[in-house]
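Peer 1: Top line first, the protein sequences correspond to chains A, B, C and D. Here my numbering is used: the first residue of the first sequence is 33, the next is one more, and so on. Here my numbering is used: the first residue of the second sequence is 33, the next is one more, and so on. Here my numbering is used: the first residue of the third sequence is 33, the next is one more, and so on. Here my numbering is used: the first residue of the fourth sequence is 33, the next is one more, and so on.
Hints may contain errors.
Same chains, same label: a pair holds when it works inside one copy or across any pair of copies.
Straight line, CA to CA, 25 angstroms or less: simulated SDA-like cross-link-like pairs of lysine to any residue [said to hold, decoys possible]:
(1) Lys-112 to Ile-363
(2) Lys-216 to Asp-236
(3) Lys-377 to Val-255
(4) Lys-131 to Ser-93
(5) Lys-112 to Tyr-357
(6) Lys-416 to Ile-302
(7) Lys-112 to Lys-215
(8) Lys-131 to Thr-143
(9) Lys-141 to Thr-102
(10) Lys-216 to Gly-270
(11) Lys-112 to Ile-132
(12) Lys-215 to Thr-175
(13) Lys-141 to Glu-166
(14) Lys-112 to Glu-133
(15) Lys-215 to Arg-167
(16) Lys-416 to Gly-387
(17) Lys-428 to Val-156
(18) Lys-204 to Gly-169
(19) Lys-448 to Phe-172
(20) Lys-448 to Thr-102
(21) Lys-131 to Gln-173
(22) Lys-377 to Tyr-357
It should be emphasised that the hints constitute simulated quantities derived from the structure, not laboratory data.
There are 4 protein chains.
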Amino acid sequence: MSDGLMMEHDDLWDKLNEECGVFGVYNHPDAPQLTYYGIHALQHRGQESAGICASNGESFSYHRGMGLVTEAFSNNELGKIHGRSAIGHVRYTTAGESKIENAQPLIFKYTGGNLALAHNGNLVNANQIRHQLERQGSIFQTTSDTEVIAHLIARSGYEIEEAVRESLRMIKGAYALLVMTEKKLIVALDPNGLRPLVLGMIGDSYVVASETCAFEVVGAQYVRDVAPGEMIIIDEDGLRAERFAGQTQRAICSFEYIYFARPDSDIDGINVHLARKELGRQLQREAAVEADVVTGVPDSSISAAIGYAEAAGIPYELGLIKNRYVGRTFIQPNQELRARGVRMKLSAVRKVVEGKRVVMIDDSIVRGTTSGRIVTMLREAGAKEVHVRISSPPVKNPCFYGIDTSSREELIASEKSLEEIREIIGADSLYFLSPEGLVDAIGRDDDAPNRGHCLACFNGCYPTEIYEDTKNCTEK
Amino acid sequence: MSDGLMMEHDDLWDKLNEECGVFGVYNHPDAPQLTYYGIHALQHRGQESAGICASNGESFSYHRGMGLVTEAFSNNELGKIHGRSAIGHVRYTTAGESKIENAQPLIFKYTGGNLALAHNGNLVNANQIRHQLERQGSIFQTTSDTEVIAHLIARSGYEIEEAVRESLRMIKGAYALLVMTEKKLIVALDPNGLRPLVLGMIGDSYVVASETCAFEVVGAQYVRDVAPGEMIIIDEDGLRAERFAGQTQRAICSFEYIYFARPDSDIDGINVHLARKELGRQLQREAAVEADVVTGVPDSSISAAIGYAEAAGIPYELGLIKNRYVGRTFIQPNQELRARGVRMKLSAVRKVVEGKRVVMIDDSIVRGTTSGRIVTMLREAGAKEVHVRISSPPVKNPCFYGIDTSSREELIASEKSLEEIREIIGADSLYFLSPEGLVDAIGRDDDAPNRGHCLACFNGCYPTEIYEDTKNCTEK
Amino acid sequence: MSDGLMMEHDDLWDKLNEECGVFGVYNHPDAPQLTYYGIHALQHRGQESAGICASNGESFSYHRGMGLVTEAFSNNELGKIHGRSAIGHVRYTTAGESKIENAQPLIFKYTGGNLALAHNGNLVNANQIRHQLERQGSIFQTTSDTEVIAHLIARSGYEIEEAVRESLRMIKGAYALLVMTEKKLIVALDPNGLRPLVLGMIGDSYVVASETCAFEVVGAQYVRDVAPGEMIIIDEDGLRAERFAGQTQRAICSFEYIYFARPDSDIDGINVHLARKELGRQLQREAAVEADVVTGVPDSSISAAIGYAEAAGIPYELGLIKNRYVGRTFIQPNQELRARGVRMKLSAVRKVVEGKRVVMIDDSIVRGTTSGRIVTMLREAGAKEVHVRISSPPVKNPCFYGIDTSSREELIASEKSLEEIREIIGADSLYFLSPEGLVDAIGRDDDAPNRGHCLACFNGCYPTEIYEDTKNCTEK
Amino acid sequence: MSDGLMMEHDDLWDKLNEECGVFGVYNHPDAPQLTYYGIHALQHRGQESAGICASNGESFSYHRGMGLVTEAFSNNELGKIHGRSAIGHVRYTTAGESKIENAQPLIFKYTGGNLALAHNGNLVNANQIRHQLERQGSIFQTTSDTEVIAHLIARSGYEIEEAVRESLRMIKGAYALLVMTEKKLIVALDPNGLRPLVLGMIGDSYVVASETCAFEVVGAQYVRDVAPGEMIIIDEDGLRAERFAGQTQRAICSFEYIYFARPDSDIDGINVHLARKELGRQLQREAAVEADVVTGVPDSSISAAIGYAEAAGIPYELGLIKNRYVGRTFIQPNQELRARGVRMKLSAVRKVVEGKRVVMIDDSIVRGTTSGRIVTMLREAGAKEVHVRISSPPVKNPCFYGIDTSSREELIASEKSLEEIREIIGADSLYFLSPEGLVDAIGRDDDAPNRGHCLACFNGCYPTEIYEDTKNCTEK
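Input sequences plus hints: build the corresponding full structure.
Peer 2: Right, here's the structure in full:
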């Protein structure tokens with residue numbers, strides 16, 4: 033996504049979807065309010081449900097609801113949440129399985145008291161652990177990985193810090209995790225740092241969030257990114273950080289840079305908008321083409337398009353316009369109307385593209401249907417040539433860390449050659465950014481070395497064990 | 033507005049607001065559906081209420097509701113509207129006066145049958161006519177000008193075409209008007225063409241709309257702009273156009289180009305995005321400055337910022353990011369939280385502006401408060417210098433044609449000098465586009481001569497009589 | 033209806049429906065609140081829409097909404113209505129034509145200022161006047177009679193009192209009417225007093241209402257019933273009453289006593305519950321039968337059943353129970369489920385009726401379908417005999433004064449003999465109260481003479497001219 | 033409650049509240065629909081939340097929502113629930129703790145598959161078991177007893193029947209319990225039969241419900257009451273009943289007869305309306321008084337009032353009328369308005385009570401405030417004398433089996449003498465039914481022996497151990 037714009041879930045288009053956003057604050061008089069604004073700033077990471085749980089030091093108050101933050105908290109539910117610590121969560125929309133039961137934070141009572149968990153990511157061994165727990169008599173109310181973590185903590189028998197530590201050592205996969213008790217806030221990131229998680233301060237109070245854009249909104253100062261395999265305990269004695277994992281290897285999801293994160297966020301100190309712009313520049317370097325205008329698919333590809341245009345010395349134009357008001361309750365045109373040309377979401381701007389050779393930048397191609405539609409749209413608006421440039425490599429492998437990729441058969445790049453894809457989408461030329469170019473470009477602006485990216489969906493090299501029949505580089 | 037993005041009403045910012053959007057279709061099997069998509073594409077012109085009325089040739093079916101099109105038609109109301117002709121309307125939000133009674137199309141029964149009216153604009157002699165009608169025993173249920181027009185038609189005594197013609201000759205001001213009877217669709221534009229109105233076709237069926245972007249959405253072909261002082265009758269005999277006004281002088285509202293219209297619309301054959309980009313180029317020509325980056329206030333100033341950057345050879349960046357999810361139901365931070373730095377709507381991107389000399393493009397300054405806030409935001413994010421460039425001249429006079437400008441005392445440019453405004457908003461430098469530059473730039477890309485613009489809010493020269501104590505060029 | 037219970041609209045049963053309820057208060061600091069409670073107490077008279085308009089002496093504030101009072105005013109709309117005078121209205125649900133446009137009070141602006149009207153009843157010459165007005169150029173936004181009255185007032189040219197007086201002399205039919213201007217409240221009742229309307233006081237402030245039950249709720253003292261053909265002007269000079277009609281003849285709708293009014297209301301000084309009980313006693317006198325238990329169809333026939341039981345010396349029992357939770361949003365059983373015996377609204381109590389000879393009291397039979405279903409239900413629960421006694425005469429003629437009777441062909445008593453009806457509903461015996469018994473019984477408890485009842489639906493003698501092909505006693 | 037009427041939760045009055053209603057059906061093609069109608073018929077037992085879970089033999093589909101059944105299932109949620117077996121639940125409203133998390137049926141996954149539980153009642157040893165489970169590592173998401181039962185079943189290790197049997201032997205208190213797996217429906221009632229539970233059939237399919245009124249609605253035939261200490265397994269092999277408890281002693285909550293159950297239900301073969309009528313007759317026998325009319329507080333005391341009137345030979349009248357439309361969203365009069373006499377819920381009927389000696393029947397006095405208000409209301413309406421007769425003994429002890437009695441200090445009868453209470457409520461005389469009279473009367477009509485009633489709230493003799501400092505007859 034680019035420029036903070038494209039955030040609603042888009043079920044007509046073949047975009048990837050990410051799991052969630054988390055936000056937490058410890059010891060601040062406005063903890064629930066700040067959490068509200070914090071998860072609101074992370075709304076692009078999930079629109080299915082939203083929740084906030086606060087602790088007043090002795091007990092919890094909380095609310096979870098369906099929909100956007102503003103929908104879930106539309107009836108003054110925020111006014112009933114009190115406490116100086118709080119964690120919040122937004123969850124993304126999957127098809128058909130929108131249940132309030134899955135909304136987070138999950139709240140549990142166990143022998144040690146109350147427990148609230150907010151989790152972004154996906155465990156690869158959740159099913160294994162779950163079956164083991166069930167055989168021991170555990171019951172589950174959700175299908176979420178997070179409930180597995182809660183059971184592990186409750187079964188541990190140790191006090192909370194050791195219980196969390198022990199649990200973290202049993203789970204594998206991607207997790208940016210917030211655990212709140214009445215008196216503590218515990219923060220943990222998986223050993224590969226697959227999901228972003230940052231630490232900041234508001235005055236003397238600590239805050240954590242999935243992205244730095246949430247810090248800007250609540251007036252927090254960025255301190256640092258949480259490290260892979262790190263566990264941080266925040267309580268009345270202050271903050272203690274430790275490594276719970278013996279071996280760590282950063283492998284942050286590269287799609288955070290390409291598509292998920294808000295452009296005003298910094299991940300690992302690298303601004304997302306600037307990284308995307310570099311992706312565009314790199315793309316131009318790798319795949320220059322004679323053209324008259326450069327345009328990006330809004331909102332996800334604006335930054336890359338600007339970068340491409342700058343590098344190429346070709347004007348960047350708004351050749352495609354998105355209707356902001358197409359939301360979830362929209363009445364979709366039926367087939368007949370669609371055939372008649374009724375298009376609600378995106379328009380090509382005739383005066384911009386008519387008679388022109390157009391470079392169209394998009395961030396990714398998943399199933400290919402959307403790309404094909406947009407190329408057609410540009411041609412119908414008079415474009416003489418349409419050259420498609422994708423600011424990421426071909427997606428050939430499924431993700432097991434929380435991104436809802438289609439199954440492998442649906443991934444067009446897994447089944448088709450570049451030339452076949454070009455033909456299918458009807459472009460005059462097509463190019464995907466190279467994996468090397470991707471890695472180089474992300475860190476370039478910052479002179480940052482390659483700090484480690486997960487490229488598994490491109491090259492199949494998964495940074496963790498996975499319990500499926502998939503090629504896995506780390507196992508070699 | 034730029035790139036079709038900023039469309040929700042923004043009561044914290046000091047933007048102008050426009051009246052409405054209209055859409056109509058004659059003799060098409062999907063008339064109500066097309067009208068739904070049409071007014072949805074015009075949603076940026078009004079979010080207070082939406083309505084559709086259809087005629088099946090003998091009677092009307094209709095629905096009007098509050099809020100966005102998707103909200104007003106959220107319970108299958110569209111399914112109950114049937115007919116081969118339809119007109120629709122979206123209305124903008126004013127503070128406090130959101131009443132369903134004011135939603136359009138207005139529907140009346142009179143001696144000739146049924147009448148539906150959808151109107152964009154503002155009459156300057158509505159009160160005079162209204163009082164006259166009241167003295168003759170008329171009653172009014174709304175405060176809208178449109179009801180005045182309906183009374184004039186009903187009182188005329190002539191059959192509908194002559195009744196409308198006679199009525200149009202009595203009203204003065206701005207109006208893009210759709211009148212539907214059971215069997216006819218009548219379209220009229222005021223003699224100055226103050227509001228945009230375009231004619232198109234879907235197959236053999238005629239459509240009209242406030243902006244061409246609605247044609248793209250419904251798959252209609254653009255035919256031509258409705259001419260100032262023109263009345264068009266569409267019925268089973270086809271389309272007949274005539275001039276009802278003896279003397280016409282085009283004076284289209286220049287803010288349609290600057291701010292209101294969607295960037296993918298063409299007005300008078302000129303694309304709005306390209307016109308805005310030219311405004312940015314012209315602005316650079318008039319007020320160049322040494323700087324490192326150019327940024328635009330989203331979404332309203334993106335096109336102009338791109339133009340300025342291109343002309344200056346300085347990179348265009350996303351230095352300001354808007355949160356898409358700030359809607360009407362959002363819980364606003366209280367004063368204390370705001371003082372703590374909680375900002376929900378807009379963020380400056382630190383990595384983009386830190387240590388940089390920033391050119392910040394905005395489309396207008398009305399009261400000055402928003403501009404001041406954004407300058408502060410950029411400085412807090414580390415901008416070394418902030419040079420504000422406004423892609424329109426100073427707004428010094430109220431509008432009487434349907435734009436909700438503040439009263440003259442609230443217009444900062446009416447009371448303060450350029451230097452005073454610069455100090456108030458805290459910019460290092462400030463420049464407004466010249467009126468000549470504005471007019472030149474709008475038509476430049478198209479090699480279009482100046483077809484006539486209303487510049488009254490800048491120079492006080494109102495194209496019509498107005499019935500208030502205001503300087504009026506046409507009266508000289 | 034009996035005991036204040038049955039009030040929701042019941043589209044499965046063949047009940048009559050009445051028009052509306054009105055409430056007004058002049059010069060009280062809590063006028064809008066009292067009006068809210070007042071129309072809430074009159075909710076049984078209409079559930080389609082509710083509205084309140086208040087005057088602060090100079091301008092109006094108002095709200096109208098769909099549904100119950102509590103639904104229409106669910107979002108603090110009441111808090112936005114201010115003034116020391118107010119009128120309110122509840123409107124009944126008709127099938128399919130539920131439009132906010134028809135909600136009352138209707139608000140108009142005319143040459144004399146603002147006008148609010150709340151009307152209960154139905155005019156018989158509305159169409160004639162309407163067509164005349166349309167020919168003179170009037171436009172209509174609703175199909176309601178009330179808008180006709182507003183036009184007449186506005187066209188009059190006289191000041192408000194004389195304008196209302198003149199208008200009343202032009203309209204014919206049933207009306208209990210409240211007209212509010214900024215400074216006055218005018219109350220009028222048609223020359224036959226077809227609809228109930230009462231005057232009361234709260235301290236020094238005057239109140240008017242359709243029924244006295246609204247007085248109890250707001251703590252008002254009953255003063256007197258408004259007289260047929262009376263117009264009352266309440267303003268800062270106090271209250272002035274006058275007769276606007278030369279000739280008056282009370283003919284209050286007898287169904288107000290039989291079915292519509294709340295049992296705790298008094299009409300013309302006669303308590304409705306006690307009147308109904310007398311109807312039951314009279315019914316027993318006219319049609320005694322050997323039986324074991326008496327039961328009434330809830331809630332409409334409880335009082336009459338108690339009266340019958342007392343007169344007969346047979347125990348009164350709850351042999352039929354109504355489910356209170358069957359509301360408008362209820363999911364109806366489909367045909368198959370209904371055939372399987374799924375019944376949501378009413379249950380027969382087996383232990384009460386099994387093996388018993390049952391007298392079942394109902395207030396009326398309109399189409400006969402409901403009565404048949406209830407008889408079947410009682411038999412299936414084991415009743416040995418079912419003797420149906422109806423506490424009103426057979427309904428043979430349509431009502432033109434605001435009651436939604438079926439057309440004549442649907443009125444079972446208009447087409448069938450007593451014996452035929454008995455067979456259709458499957459009763460062992462059937463008897464309708466005689467018209468003479470009805471009139472005698474209503475006034476008996478109070479030793480009141482017959483003050484004049486409209487019995488047109490029973491005997492076809494309409495108290496006014498009617499503009500249809502109907503026998504009309506007054507024309508003889 | 034009487035005549036099925038008073039069912040909405042009434043927070044202004046000092047009524048008791050009961051826990052819940054349950055309904056289940058095994059192997060019927062319309063199982064979810066029948067369950068919908070079934071819990072709708074039990075709506076008077078709980079209005080906080082409603083839920084239905086169905087099994088198609090292999091998996092569950094379910095929905096739970098807040099509010100009435102019609103509210104919780106207002107968006108076609110029923111259409112998404114499929115299966116030939118289903119259980120449903122309605123839950124009552126407690127102040128402030130309305131959380132969707134507490135809605136039932138609770139759904140769990142455990143090693144044996146899926147489990148759905150619907151529970152009416154309250155366990156007295158839930159906390160003890162819960163703490164034990166937590167020490168073993170269990171986590172809890174709700175505060176409900178039902179989750180404790182689910183954990184016990186999951187931990188058992190045995191297959192489902194034995195697991196339920198074992199669990200039932202560990203829990204103590206009141207429970208009418210439905211347990212559904214993919215293939216079975218298990219029904220259990222506590223050894224004292226504290227809550228009602230009945231078994232019926234629709235054709236060949238078994239149904240269970242809290243009350244027989246649900247059978248009437250779905251067209252089911254009553255088979256028998258579930259016995260205390262009985263467990264019934266229904267699966268593809270048919271129905272098997274067994275006693276899981278060695279020793280059983282029926283002690284059904286007497287308030288089911290006095291107040292909770294619908295008057296058309298039979299409990300233990302005794303009709304509730306007729307039982308209440310006998311309570312009224314007995315009350316008259318114990319405490320006759322010279323009077324002119326008998327009236328009951330609607331809706332809860334109508335049957336008893338009819339019985340009292342019959343026994344006394346005094347007319348039964350509707351002297352108090354309840355407004356049916358006072359629901360949860362009602363705007364309450366503020367103190368000032370209330371002082372002015374604004375009363376929304378209940379009105380005294382002046383014409384009925386004026387100048388009369390009134391016997392006012394109520395079913396119970398808990399805190400005494402409501403009774404005082406009603407006596408005042410009757411006096412203000414002109415009653416010469418008000419004699420209060422209560423159709424139950426004084427409530428002196430808290431309930432531990434699911435009824436939300438106030439704490440002992442709030443129970444007026446626990447602290448005050450009869451004469452003190454009479455003075456506080458302002459009655460001319462006051463009498464409570466004797467415990468012996470209560471027990472005698474309930475079974476009289478049916479010639480039923482005393483089958484065992486829980487009278488603990490009257491006499492402090494609790495039928496089970498209780499884990500609090502309370503006198504307990506069974507421990508003696």
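Peer 1: Does each hint fit the structure? Answer for all of them.
Peer 2: Here's how the hints hold up against the structure:
no.: 1; hint: Lys-112 to Ile-363; verdict: between (35 angstroms within a copy, 14 angstroms between copies)
no.: 2; hint: Lys-216 to Asp-236; verdict: within (16 angstroms within a copy, 57 angstroms between copies)
no.: 3; hint: Lys-377 to Val-255; verdict: between (39 angstroms within a copy, 23 angstroms between copies)
no.: 4; hint: Lys-131 to Ser-93; verdict: both (21 angstroms within a copy, 11 angstroms between copies)
no.: 5; hint: Lys-112 to Tyr-357; verdict: between (31 angstroms within a copy, 23 angstroms between copies)
no.: 6; hint: Lys-416 to Ile-302; verdict: between (37 angstroms within a copy, 20 angstroms between copies)
no.: 7; hint: Lys-112 to Lys-215; verdict: within (19 angstroms within a copy, 42 angstroms between copies)
no.: 8; hint: Lys-131 to Thr-143; verdict: between (28 angstroms within a copy, 22 angstroms between copies)
no.: 9; hint: Lys-141 to Thr-102; verdict: neither (28 angstroms within a copy, 32 angstroms between copies)
no.: 10; hint: Lys-216 to Gly-270; verdict: within (10 angstroms within a copy, 53 angstroms between copies)
no.: 11; hint: Lys-112 to Ile-132; verdict: both (19 angstroms within a copy, 15 angstroms between copies)
no.: 12; hint: Lys-215 to Thr-175; verdict: between (28 angstroms within a copy, 21 angstroms between copies)
no.: 13; hint: Lys-141 to Glu-166; verdict: both (18 angstroms within a copy, 8 angstroms between copies)
no.: 14; hint: Lys-112 to Glu-133; verdict: both (20 angstroms within a copy, 16 angstroms between copies)
no.: 15; hint: Lys-215 to Arg-167; verdict: between (32 angstroms within a copy, 20 angstroms between copies)
no.: 16; hint: Lys-416 to Gly-387; verdict: within (5 angstroms within a copy, 42 angstroms between copies)
no.: 17; hint: Lys-428 to Val-156; verdict: within (19 angstroms within a copy, 58 angstroms between copies)
no.: 18; hint: Lys-204 to Gly-169; verdict: both (22 angstroms within a copy, 21 angstroms between copies)
no.: 19; hint: Lys-448 to Phe-172; verdict: neither (41 angstroms within a copy, 49 angstroms between copies)
no.: 20; hint: Lys-448 to Thr-102; verdict: neither (42 angstroms within a copy, 39 angstroms between copies)
no.: 21; hint: Lys-131 to Gln-173; verdict: both (12 angstroms within a copy, 16 angstroms between copies)
no.: 22; hint: Lys-377 to Tyr-357; verdict: both (9 angstroms within a copy, 17 angstroms between copies)
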